[in-house]
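**Q** We have chain U; now place chains C and L onto it with these hints.
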Amino acid sequence: MAVILPARRRPARRVVRNTAIGWSFILPNFVGFGVLTLVPVALLFYYAFTDWNIFGGAQWSGLANFEQMAGDSSFWTALRNTFYYTAVHVPLTLAVSLGLALVLNRKLRGVAFFRTVAFFPYITAIVAAAQVWNMLFSPDFGPINEFLRGLGVDHPPGWTVSAGWAMPAVILVGVWRDMGYYMLIFLAGLQTVPAQLHEASTIDGANAWQRFWNVTLPCLRPTTFFVTVMLTIGSFKVFDVILLMTDGGPGQSTLVLSQYVFQKGFEENQFGYASAVSIVLFAICFLVTILQFVVNKRREA
Amino acid sequence: MKRSISAVLGIAVAASMVLSGCGGDGDSAEGGGLKLTLAGWSLATTPEFKTLADGFHTANPDVTVELKEYDASNYDTQMIADLSAGKAPDVFVQKNLKNFYTYQNGKQLLDVSDVAGQLGDKAGGMANYQVDGKTYAVPYRNDGWVLYYNKGLFDKAKVAYPDGSWTWDDYAAAAKKLSTGLKSAGSQALGTYQHNWQSTIQGFAAAQTPGANWETGDFSYLKPYYVRALDLQKAKAQVDFGTETTNKLTYQAQFGKQSAAMMVMGTWFIATLRAQQEKGDADKFEWGIAPAPQFDKSTTGTAKTPVTFGDPTGLGINAGIDKKKVDAAKKFLAYAAGPQGSKALAGIGITPADTKSVTADFFTLSGVPNDDVTKFAFGTRETKPENPVSKHTAGLLNVLNDLHTAVMSGTKDVDTAIAEAQTRAKNEVLNK
Amino acid sequence: MTHILLDAPAHHARTDDGPAPNRKRRGRLGRILGYLVLIVAAVGVLLPFYWMVVSSLKTNNDVFTIPVKWLPDTVVWENYLDIWRKSGMTTWLTNTLIISVAVTVLQVLTGSFAAYGFAKARFPGRDVLFLAYIGTLAVPWPSYMIPQFILLSKVGLVDTRWSIIALQAFGALGVFLMKQYYETIPEELSEAARIDGMSEYGIYRRIMLPLSTPALASLALITFVTTWNDYLGPLIYLRSPELRTIQLGLSTFISQYNAEYALIMTGSVLSVLPIAVIFLFGQRYFVEGVSTTGLKG
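Residue numbers (my numbering), protein chains in the order written: chain U, 1 to 301; chain C, 1 to 432; chain L, 1 to 297.
A couple of the hints might just be wrong.
As the list claims (entries may be wrong) - Rough simulated footprint, nothing fancy, chain L against chain U, three-plus residues with beta-carbon under 8 Å:
{"#": "1", "stretch": "12-25"}
{"#": "2", "stretch": "117-129"}
{"#": "3", "stretch": "181-192"}
{"#": "4", "stretch": "281-293"}
No lab work stands behind these hints: they were computed from the structure.
On a predicted model such as this, the values are computed, not experimentally measured, just so you know.
Each residue gets a CB set at the ideal place from its N, CA and C atoms; glycine is no exception.
Bound conformation, chain U alone (with noise of 0.2 Å):
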């Protein structure tokens, strides 16, 4: 999307002008975003090649860090659940979000109602939410295993205090809580699909499957892009959800990334060694985003 107009006359000029206008619309977010976000992120990158307690100042060790979490069968731990969460998440929540989006988008009478209910998970305390959960959950006594063990099933799992269950039951929070946030920006993103689409497929016989795979898709990509993006970014960041129901466990089963940069920075005062390890987060965040990126850049052509 570009705003050059015929520029034969005076090019340069036009360079600058461009530049001008367009930092004059950057800028109230830029002074704000650069001091408070861009510098100390920054400084994250100097941090993760120091040893530094946070008291003193930060003393340089080169690789050292780097070296320690090659090592560190707890950073591969905890690198392997988020993805685990990440690879499970991301697609479950976009298939339930983008599926209320399509059925809440009508006139159907209490639509208000519905939509409200979906959100709600979203827009509850975190730490009533977790809270309750669990109780959810609780094996012997919890509802969700009564009426497992009402169905027939005779072991129902151990959910959070179960090594193998502690993960989806996160993941099955953490979709419940998201899926009115994105469901919402679909909703928007569905107004941008034009309704003369709709009717001159329909006139053309397609059914609504067909519409939706022709018509609805294409045209929500740059909302699908930054739902999958946010999302995805969002799952390989997740930190409050598990802290507030399983901090981890049990054992190591539910420890992530974000978790483990705030224990080793917070609890045991390693914060060059924290930093390092945000920085590997951060690069794989990154690398993800940059792929979908050029796929998304690719399927526009």
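**A** Coordinates of chains C and L only, in the frame set by chain U:
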């Protein structure tokens, strides 16, 4: 481009400010009285800070102690943030030994060896705050873990009260007998309640097993304690760990509402239980404390000194404090850890550092049992620290906490978990 | 990405009215089934809330009983009065409201402003800068929390509401979201305006803003909710009890009165209600937007 240049300059200035490190800010002394700031938490329900502040002011009218409130469960996170920015109060509490190391190693604490010298060895737990021959904090509380028991429920199940002679096997047998006895008497209560903290099991194991030292990386001393705990769970003499965690059971409610006949817990609970019984949050029933169960018969009985564990709670002086206030701050520390402070604290049911000189006052308080076994358990004990203080403490605690949740939830068996923990400790913590 | 524009502009209210008339009977059955599915799903989603509301009306000991009590034995309406007295709920609500509104206004304004710059203007370094924006989204906050804290405390903003406002108001999320949305608005509209002599600022104000109301409304709501629910920020930056937000207040309340489960649930329910109400009444803006008669493209 001019705008971007000024933006870059601004960033450079900001970055250099941050990289120049942090200095301490002191409050300037106001004309007239001196003001000291003291960190505390949950001020509405934790009266000890106000008690110390007011008591000190009465004894030294020219100094006021102002309280700054922190979040109880995130105290150290907030304190670390404040210290790093130079905004921490003049005197701050050492809530646990693990973070005492952090502060001391980070040079955030003033050397208070002179205060320690004054106090002598009356203040229990002082040794924990000594590093390289210097003392960096003084204890104002010296809690230890003891055994609480509900006399009414014991009577109901027809089990004899603990008398200070129990080992852990005696305790386990009693718990099972209580559970069956209570059940046949029609009560829902269980024999005992062990809270889900790692310290409930690991603290005792480390303090009581001769020769146990986690710095060697050998954790086999934990095994018998975990085997016993799992056995109690299986025999239904104790609530399941999973249920405890997901339903967020609180030890105050479990014992206070008579869901359990016994409980091992720290002496800080005495004050809480007393207050809750007065207010009606806990049932009114007869209770007592006995020495914690022992490793073997060599330390049982009232002629010996039982071994238990507990961390002192101390006060340290911010190394960045204004020079003019150092004397007043040191005076405050001496007061808190000394006989006057101990007396004030005992008056609200807190276990002060100097237990010996306040035993009389403590046991005249209403709501506190004063039978002989209770007095013995309170005043006579060898309290070892919950974990030794070193640069490995935080890392080892995390490794052992993972072991704790894995074993108690039944995810891993004890031997596998211990083996894994030992490997992790060697590779991730002890090799630094 | 190309838009096929027929004779009318693309952006107006878009809703689907249901199946064609000649499939009415099958459509009706489908509709009833659909409603049934929706209702069952709604029950499942709302289960935790039901439990929260019910618990808020119980006595403390009845909240976490074994087994679960789905209806209170005695309904304790007083909890909803006690919560105001016992905790600082009024203070928390006020603080959270002030902060959330300030952040939302700032984020929506500066974010959409900047997004326009990124979407429509072309200048050297634009894409790199945008990548830097998105890059910061990929960094977990605990990582750069401390340098940020040191920075803000040097300026003396710690333990003030401004610290939280500053932290949240200039995030990259708003810029990213609006930029994506602006890219779906056909260039022809702005071209026409440019030819008519309108400045970029005018285009932004008269064309872009009105057309992107669904996205702006979504961004506003999301920013509001994120700030409303933020826990870590207030924990690290706020100390004075009179500055506490709802999340921080609730959590400190929990650690002080940790056996007052019923009141904790009452506080949680109250913290959700304002947003639920706002959403219920405002949700159609996300879908229908503020309808504009299209500018001839």
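**Q** Given that the stretch 181-192 of chain U was listed as covered by chain L, double-check it with a C-beta distance under 8 Å for 3 or more residues.
**A** Holds, because 9 residues of the stretch 181-192 of chain U bring their Cβ atoms closer than 8 Å to Cβ atoms of chain L.
**Q** Counting residues of the stretch 12-25 of chain U with a beta carbon closer than 8 Å to any beta carbon of chain L, are there 3 or more?
**A** holds (count 8)
**Q** Are 3 or more residues of the stretch 281-293 of chain U near chain L, judged by a Cβ distance of less than 8 Å?
**A** holds (count 5)
**Q** Are there three or more residues in the stretch 117-129 of chain U whose C-beta lies closer than 8 Å to some C-beta of chain L?
**A** Holds: 13 residues of the stretch 117-129 of chain U have a Cβ under 8 Å from chain L.
Hint compliance for this structure: no hint is broken.
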